[in-house]
Amino acid sequence: ELRKVVAPLLKGFQGEIDSLSKRSKNAEASFLSIYKRLIDVPGKSSIHA
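Okay, so the sequence shown: first residue is 475 according to the working numbering, each after it adds one.
Don't take every hint at face value.
Restricting the straight-line Cα-Cα distance to at most 30 Å, the calculated cross-link-like pairs of lysine-lysine (DSBU-like) are [what the hints assert, rightly or not]:
| no. | residue 1 | residue 2 |
| --- | --- | --- |
| 1 | 510 | 499 |
| 2 | 485 | 510 |
| 3 | 485 | 499 |
| 4 | 496 | 510 |
| 5 | 485 | 496 |
Pair by pair, the computed Cβ-Cβ distance ranges are [what the hints assert, rightly or not]:
| no. | residue 1 | residue 2 | range |
| --- | --- | --- | --- |
| 6 | 509 | 475 | 31 to 39 Å |
| 7 | 505 | 478 | 40 to 48 Å |
| 8 | 484 | 505 | 25 to 33 Å |
| 9 | 480 | 516 | 52 to 60 Å |
| 10 | 477 | 510 | 46 to 54 Å |
| 11 | 479 | 515 | 34 to 42 Å |
| 12 | 510 | 489 | 52 to 60 Å |
| 13 | 513 | 481 | 41 to 49 Å |
| 14 | 476 | 497 | 29 to 37 Å |
| 15 | 479 | 503 | 34 to 42 Å |
| 16 | 487 | 507 | 24 to 32 Å |
Think of the hints as simulated: they come from the structure by calculation, not from any bench. Backbone N, C-alpha and C fix where the C-beta goes; we use that ideal spot for every residue, glycine too.
Take these sequences, add in the hints, and give me the full structure.
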């Protein structure tokens, strides 16, 4: 009885965790891509000053 009630809840939580993990990986990949482009911009020493 309890298993029948809890199983869908756990499945829902796992789905949310999977979505958050995917979102996090995509955000990190996007950030790294932008960072790599910015690091090669000429005149970057004036940006840091």
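Hints, one by one, checked against the model:
In summary, the hint linking residue 510 to residue 499 is supported, as the alpha carbons are separated by about 16 Å, within the 30 Å threshold. For the proposed pair residue 485 and residue 510, the alpha carbon gap of about 38 Å is over 30 Å, so the pair is violated. Restraint check for residue 485 and residue 499: satisfied, since their Cα atoms lie roughly 21 Å apart, inside the 30 Å limit. Proximity of residue 496 to residue 510 is assessed by CA-CA distance (about 21 Å); at most 30 Å being required, the pair is judged to hold.
Of the pairs offered as hints, the one joining residue 485 and residue 496 holds, with about 17 Å between alpha carbons and a cut-off of 30 Å not exceeded. One distance hint, 31 to 39 Å for the beta-carbon pair residue 509 and residue 475, is violated here, with the actual separation near 52 Å. Under the hint 40 to 48 Å, the C-beta atoms of residue 505 and residue 478, about 42 Å apart, fit the expected range. Look at residue 484 against residue 505: about 31 Å separates their beta carbons, and that is inside 25 to 33 Å.
For the hinted restraint 52 to 60 Å between residue 480 and residue 516, the CB-CB distance of approximately 58 Å keeps it satisfied. Remark: the range hint 46 to 54 Å for residue 477 to residue 510 is upheld by a beta-carbon distance near 48 Å. Residue 479 and residue 515 have their C-beta atoms about 56 Å apart, which leaves the hinted 34 to 42 Å range violated. Between residue 510 and residue 489 the CB atoms are about 32 Å apart, so this pair departs from the stated range of 52 to 60 Å.
The hinted window of 41 to 49 Å between residue 513 and residue 481 holds, with their beta carbons roughly 48 Å apart. The hinted window of 29 to 37 Å between residue 476 and residue 497 holds, with their beta carbons roughly 31 Å apart. A beta carbon spacing of about 38 Å between residue 479 and residue 503 agrees with the range 34 to 42 Å that was offered as a hint. For residue 487 paired with residue 507, a C-beta distance near 31 Å keeps the hint of 24 to 32 Å intact.
Hint compliance for this structure: hints 2, 6, 11, 12 are not met, and every other hint is.
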